[in-house]
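*Asks:* Residue-level listing of the chains:
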Amino acid sequence: MSLPLRLALRDLRGGLAGLRLLAICLFLGVLALAGVGSLSAAIVASLAERGQEILGGDVQLTVAQREATEPELAAFSREGRISHITRMRAMAARLDGAESVLVELKGVDEAWPLYGSFRATPAARPRGLQVAVAPELAERLGVKVGERIRIGGAELEIAGLIAEEPDRVGQGFTLGSTALVDRSGLAATGLVQPGSLYSSAYRLKLPAGADPKAVAARLKKRFGASGWQVQDRTDGAPGTRRFIERLGQFLTLVGLTALIVAGIGVGNGVASYLDGKRGGIATLKLLGATSRTLFLSYLYQIGLVAAAATLAGLAAGALVPAAVVALAGDSLPVPPRLALYWPPLLASAAYGLLIAAVFALVPIARARTVPAATLFRGDLEPSRRPGWAVVPIVIVAAAAIAGLAIGTAREPAFAAGFIGSALGLVLILTLLGGLIRWIASRLPRPEHPVFRIALANLHRPGAQTGRLVVALGLGLTLFTTLAVIESNLAGQIRTTIPAKAPSFFMLDIPVEEIGRFRELARRSAPQGDLVTIPSLRGSVVAIGDRRVADMADIPPEAWFLRGDRGLTYSATLPEGSRIVEGRWWPADYSGSPLVSLDVEAARAVGLKVGDSLTVSILGREIEARIASLRAIDWDTMGFNFVIVFAPGTLESAPHSFMATISMPEAEERPFARAIANAFPSVSAIRVKEVVETVSGMLSQLVVAVRAAASVAILAGIAVLVGALAASRRARTYDSVILKMLGATRGRILAAQAAEFAALALVVSLVALALGSAAGWWVVVRIFELDWAPDWGTVAATLALGATVTLVLGLLGSLPALAARPARALRAL
Amino acid sequence: MTGSYVIDASDVTLALGSGAGRVEILRGVGLQVASGESVALLGPSGSGKSSLMAVLSGLERATSGSIGIAGADFASLGEDDLARARQGRIGIVLQAFHLLPTMTALENVAVPLELAGREGAFELARAELEAVGLGHRLTHYPAQLSGGEQQRVAIARATAPRPALLFADEPTGNLDATTGTAILDLLFERRRDTGATLLVITHDPALAARCGRVLEMQDGRIVRDVASS
Chain H
1 MSLPLRLALR DLRGGLAGLR LLAICLFLGV LALAGVGSLS AAIVASLAER
51 GQEILGGDVQ LTVAQREATE PELAAFSREG RISHITRMRA MAARLDGAES
101 VLVELKGVDE AWPLYGSFRA TPAARPRGLQ VAVAPELAER LGVKVGERIR
151 IGGAELEIAG LIAEEPDRVG QGFTLGSTAL VDRSGLAATG LVQPGSLYSS
201 AYRLKLPAGA DPKAVAARLK KRFGASGWQV QDRTDGAPGT RRFIERLGQF
251 LTLVGLTALI VAGIGVGNGV ASYLDGKRGG IATLKLLGAT SRTLFLSYLY
301 QIGLVAAAAT LAGLAAGALV PAAVVALAGD SLPVPPRLAL YWPPLLASAA
351 YGLLIAAVFA LVPIARARTV PAATLFRGDL EPSRRPGWAV VPIVIVAAAA
401 IAGLAIGTAR EPAFAAGFIG SALGLVLILT LLGGLIRWIA SRLPRPEHPV
451 FRIALANLHR PGAQTGRLVV ALGLGLTLFT TLAVIESNLA GQIRTTIPAK
501 APSFFMLDIP VEEIGRFREL ARRSAPQGDL VTIPSLRGSV VAIGDRRVAD
551 MADIPPEAWF LRGDRGLTYS ATLPEGSRIV EGRWWPADYS GSPLVSLDVE
601 AARAVGLKVG DSLTVSILGR EIEARIASLR AIDWDTMGFN FVIVFAPGTL
651 ESAPHSFMAT ISMPEAEERP FARAIANAFP SVSAIRVKEV VETVSGMLSQ
701 LVVAVRAAAS VAILAGIAVL VGALAASRRA RTYDSVILKM LGATRGRILA
751 AQAAEFAALA LVVSLVALAL GSAAGWWVVV RIFELDWAPD WGTVAATLAL
801 GATVTLVLGL LGSLPALAAR PARALRAL
Chain B
1 MTGSYVIDAS DVTLALGSGA GRVEILRGVG LQVASGESVA LLGPSGSGKS
51 SLMAVLSGLE RATSGSIGIA GADFASLGED DLARARQGRI GIVLQAFHLL
101 PTMTALENVA VPLELAGREG AFELARAELE AVGLGHRLTH YPAQLSGGEQ
151 QRVAIARATA PRPALLFADE PTGNLDATTG TAILDLLFER RRDTGATLLV
201 ITHDPALAAR CGRVLEMQDG RIVRDVASS
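Protein sequences appear in the order of chains H and B.
Under the numbering used here, think of the first position of the first sequence as 1, with each following residue one higher.
Under the numbering used here, think of the first position of the second sequence as 1, with each following residue one higher.
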């Protein structure tokens, strides 16, 4: 064993108490990263493992507003066993018409489910005029098993309450709960009509050994042009997977911020540990130890403790998925697959050890410069420079952290921006810490001596002000930013959106009934503001002479080329749109097909006025010339279509109408009842309910983000406690001398309170300014929303953070305050 | 307890720790010191000198016994009341100076006056520092002063409020012989000028000889109490 290692192990015999701060901070930071990484990996693994079940087959083909043609069906059945599912939004109503609720109507054939199992209580599969419903749906309608409800034109008996629906996650976010019927039940509702908004899914169970990816690719090539979306089991729920991965990435960055705060604690912990070792270092030098031996010896000690703390953090982080399962249990839509996920654990370990290196190397390098003469001259030497040798290592380690974070990110630019902002923030806070010390040293001295000491504590040599400002500031700024964003989003959802949005969106109004519908709407909601608009679904299959199916890379802004989109036709320019290029057609236009396109979508793929666009509607391709480009104000909350056709082209295609209506809240329920009774096929989506659903989802998301951000606060608190421990000697000294001179404990405590209140106030104000600026950028620039944060919530968040700082600061001062003067003087 | 004594202590005991670790430091000390006396307290290390001073100055609460200091009953007071009782009554000079490092010499001397709520604390402090020969060092911090200068500041800090009682615990212990002598001259000069009663702990027979009365402690008891020759 080498001499430095022997020295290190001997020194560690003295106990690890001095390195507690290092251990706690690293543990917390690594725990956050390993926990977030393991959880998102476990959910993604579960999605992949249950891919067949989630997708409902090995391969799924989906098409809007139609079923497969005979040749298509024949081609599908050649690949394997088929199950046919039809999904659409519909209204389920009590027979007495007192209540109606939006549902996700799902018509399944006998083969469903191809994978997994359907369970209901009582265990009965709905047949004919029966329906199985989600328990929350039965509760909302106030109906029980055996009773009947109306969906569309059918009265259906509730056969059971759904306990397990294997392909639920694969369907993604839906506004309504499931109502499950068989194909004859679906036919009885009469809701599947030409033009109504439904989707048909054909799932294939492939023979053993068949490659689902290859089959999907083959089918996509053959049928992609006729509007078919093809998915295979390797990515059964791409939307959910992308969401989990993005959230995981974001939380990792939040965790990384926590780790930077923890790193400051690591630096403080190491510095104060080594400060306590100055006597020992000087003695070892006196006995002939070289700087290198001492450097290595302390590097080993700190490395060992850092490795142990990192391992403990990894172990605890790896248990996070299991803890989430234990706490959340059945309420998780995708139960995490419990296992050890090495990639996130290894990345977290690397982050932890690199952060330890960045923050610990400088104090270690500085410690080796303690001169042996300290023993004779006392400890009056100013701190020496650590030497240039460690600087490149620190820079490489810091670059490795940034490289790892950016390299493993799904969106490297976002990760780079986040890390850049965090570093900028650290820089600003460091400068600010220096500024506070500078100002404190130049402020007029308070008249009262204890307050003079409070002020002096902010700038005295060895004061922790700078580090505290960075550590607490970073945590509080992160929290403030989240509070600003969250309160802004929640505010928009709760107030702005309902104020702008109509009361109802109504879908599937048959073309031939639109007159009767308008009449009823006028009668049952006399103050209602009704807008009706024709609605079709179709997909863009070609731009100019380029087939979309042949385009290798579709940019994200050209999302309108993916899947099917809503289409409409209009004689007049829709409300909320503005022509920016070309001209709107005359109201009585009846010539060759013309379209008006959203300007941003057009620019994303280089389309301009005069170019052509081919749209497939119900399998028929229509080529239209672009007559104009429009700027759309998406904030209007009305109907906004990327593609609007001129009159004369789509009227004869089977389609339906959509409508929005705004009305006083008191009229909403009677209106919904009237519509449900008169138009059983029309789906009425009540905006308030959607808002509630979205608010609920947002608050769950906020809990996850807050949990990750709390680690930054915890690490900040650890830094505060460490800083107090480091300054305890000086504080005890002041407190004892003041007592000797006649100061009471109350006065000394007041001085400490003044010091921490000043610190908490300054850090809070800085966090408010920086957090608001960051929040503004996210809200206004990224989300493109109005700037309307709830300052009450933001202030409460900050006040809580400031109070915690103050209280912990005072608690940390109590030992110094309790020191008995006579005994302390003997020890000083 | 009689009013004519500045220090009137009887049967004072002090025990620290508990159980097997309990150590009896003072074992029934009785001491009366009249106003204006100067008393030297001698004794080997560990005999209880500093502890006796701590108890008499209210820095430590006695385990038992009665302690009257300048008319106040120290045995019945709590920590904060003892702190208030020290204000203006008691000045303390310690071997290691113990100045407040973040305050200038002037501020260090002003602190006890401010704590006692005296008007014109800074003028009094300035006058006191001039009296100890540091009128030119008012704005210097402790780290910028020599050991001798620091101890002068400590003496000025102790005498500025004109206390009835002045305690000094080996005031020259950290100083060289020449500086030590100058400091003692100063201490006795300030005592004379302020009329304070002085209790000084020392190992130095020369210092003891300058006091009117010499006490010797051993094992927590006063074993000798003689008028200085």
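In short, the hints are calculated from the structure, not lab data.
One thing to keep in mind: the hints can contain errors.
Quick partial rundown of chain B residues pointing at chain H, CB under 10 Å, derived from the structure [what the hints assert, rightly or not]:
#, residue
1, R86
2, T102
3, E107
4, L115
5, A121
6, D169
From the three backbone atoms N, C-alpha and C, an ideal C-beta is built for every residue, glycine too.
*Asks:* Now tell me, hint by hint, if it's right for this structure.
*Replies:* Okay, the hints, checked on the actual structure:
no. : hint : in the structure
1   : R86  : holds (5 Å)
2   : T102 : holds (3 Å)
3   : E107 : holds (7 Å)
4   : L115 : holds (5 Å)
5   : A121 : holds (9 Å)
6   : D169 : holds (9 Å)
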